[in-house]
Amino acid sequence: MIVQTAKMALQAVWGSKMRSFLTMLGIIIGVFALVVLVSLMQGSTDYIAGEISALGGSYYTVRIEDDHNKPLSMDDLDAIMAEGLGSAAPLGQTYVTGKNGRASDAFLLYGTTPVYSAINDLSVEYGTFLRQSNEDNHSRVAVINRAAALDLMGTLDCLGQDILFNGIPFRIIGILAEDDGMASMFRMQDYVAYIPYSTAQRMDPSVSSALGSFYFSAPLDADPEQAQDRLDHWLRERFDQDEDAYSIADNTAIEETMRSVTGVLQTLIGGIAAISLIVGGIGIMNIMLVSVTERTREIGIRKAIGASRRTILLQFLLEALVLSLLGCALGLALSGITLAIVSLASGISYYVISPGVAAIAIVFSSLIGLIFGLYPANKAAAKPPIEALRYSE
Amino acid sequence: MIILKDVCKRYQVGGETVNALDHACLHIRQGEFVAIIGPSGSGKSTLMNIIGCLDLADSGRYELDGQSIEEYSEEELAKIRSRKIGFIFQNFNLIPKLTAEENVELPLIYQQLPKRERQERVMQALEQVGLWNRRQHKPTELSGGQQQRVAIARALATKPAIFLADEPTGNLDSKTTGEIMDIFHSLHRQGSTIVLITHDSGVAAQAARRVHILDGKVTEEETV
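Going line by line, the protein sequences match chains L and Z.
Residues 1 to 393 (the working numbering) make up the first sequence, in order.
Residues 1001 to 1224 (the working numbering) make up the second sequence, in order.
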């Protein structure tokens, strides 16, 4: 019975293609808006998250909030490493003017220790990163990034040459490999140089021996959470059992924060798009009501030859359902095509229909078909056969 | 087959009560060919609606094929219509979007018959009215007489207890009327019960028995 009735519903929808299409348009647009917006949001989130995790392994930023008049020093970092807790490095920064011959430009100068390159996954293309001896001797040496070498020194073959930072000559001992993607996006400065922390202290008094923060990473073979716990324990002892004296932030926290923000945005956008789906549903109800009036006579005939109230109800309900689901299918197809085009055009492969939102669209469309079809279908089923037969005679 | 006893039906029209049926009594036996004759407004249609289980009487007793039709729900009436009554209407009442074949099949779908039996019955019915070769045509592609023959096939396919024809020739010319009446005669010869409602005395004269209705009152006219 259901199969036959579904066939009849399909026939009715197919029988008036233009009207059916116009009726479905609301649902098509609604599903399209919902699926494309949410999928784009999801794709962008995945893309950015992927870029963030490409920034390097997990490291922690430790911030000292209150040093209890016992400022953290380089010796403390040495102690952390000596105890095998993990790697720890300070990072001081100062802005300087870098100069080579007549070329000069603004530089972001980082003062740090050799282990920093391991903590932050920096890779050196030519030469070496800073060495412990550089730190001990307050050496004037620098590791510069690729862009600085190319633009300011004019060549990648500039190891051993001098560059002037605020007029002070620094020997170039290494050139960093260019990091692409988000890592370079997050950096505000085009030209960057790493120099020993002890040297940086002399360049800028704000780079203090009392550390306000430092970077930390767990030993390679250790469980990161355990390492974090051990560091936490060490720091608490260091600061008189005061948990609030310091904070440890995970770099994955950025990703989590971003995900929660975009999650909220996604729900919001989805909600707005869902409203257009409801509008589409009202369109279906409208046309179904017209259709019921137009087909009053047909309903009468069907009832006279034995269709029960339930059968008529089912027929019109299925028609509404077919309209909304067909609209949903077309909307999904349109979304798929659009997302494919966006993916191709942007070169970002993350833009695909997210299965979750597709499922939501299907369920929502069915519900809309059922809910907005129920009233017209019931109206059709309730028509008394004699009056329906007499209609427009 | 059909027993009506003291059946009354009243309508409210513009604040006035109209006695569409006034203590109507009628007895139709199995295999009879009965014509019900009356001018318009005489209560013919009301009688047909009640016999056809499209409507219920206000009072009185109605028995169809040994089954008393009284306080049935709409759902149950639909079931009785589907099993026992084969309607044939003045304006054919075919569904315009469906082909002849599909129109004939429709009541069988509502009876929930299996597909094979449906196909068989559709073929038999359409062959009997001589339209099997036009089964793929839509009603608009058929002449009035052909449409009425499809409608008869639709009634025929359900193997109803009675054929209930309401002015079946009212919209047809005299030649086609003859063709349609021939089909009714052949159905009658095969043992079907036929109730034909008409105001055309020429058509009514072909029935074995005639019943007159006027102002809701039914009177017999025994001819044989």
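No wet-lab data here; the hints were simulated from the structure.
Every value quoted in this text rests on a predicted model; they were computed, and no experiment measured them.
Note that beta-carbon positions come from the ideal geometry of N, C-alpha and C, so glycine has one too.
Please note that a few of the clues may not be correct.
[Said to hold, decoys possible] A short list of chain L residues far from chain Z (calculated; beta carbon distances all over 12 Å): (1) Thr5; (2) Met8; (3) Glu83; (4) Asp121; (5) Arg295; (6) Gly306; (7) Ile312; (8) Glu387.
[To be verified] Output of the computed footprint for chain L on chain Z, the stretches with three or more beta carbons under 8 Å from beta carbons of chain L: (9) 1052–1060; (10) 1077–1084.
Verification of the supplied hints:
With a least CB separation of 8 Å from chain Z, L:Thr5 falls inside the 12 Å interface cut-off, contrary to its annotation. Not every CB of chain Z is more than 12 Å from the CB of L:Met8 (nearest about 8 Å), against its label as outside the interface. For L:Glu83, the shortest C-beta to C-beta distance to chain Z comes to about 83 Å, beyond the 12 Å cut-off, and the non-interface label holds. No Cβ of chain Z comes within 12 Å of the Cβ of L:Asp121; the nearest lies about 69 Å off, and the non-interface call holds.
The non-interface label for L:Arg295 is inconsistent with chain Z: the shortest C-beta to C-beta separation is roughly 9 Å, within 12 Å. Not every CB of chain Z lies more than 12 Å from the CB of L:Gly306, the least distance being 3 Å, so the non-interface label is violated. For L:Ile312, the shortest C-beta to C-beta distance to chain Z comes to about 9 Å, within the 12 Å cut-off, and the non-interface label is violated. With 12 Å as the threshold on Cβ separation, the claim that L:Glu387 sits away from chain Z is violated: the shortest Cβ distance comes to roughly 10 Å.
With 3 residues having a beta carbon nearer than 8 Å to a beta carbon of chain L, the stretch 1052–1060 of chain Z meets the requirement of three or more and the stated coverage holds. As drawn, the stretch 1077–1084 of chain Z meets chain L at 5 residues by the rule of a beta-carbon pair under 8 Å; at three or more, the given contact holds.
When each numbered hint is compared with the structure, violations occur for hints 1, 2, 5, 6, 7 and 8.
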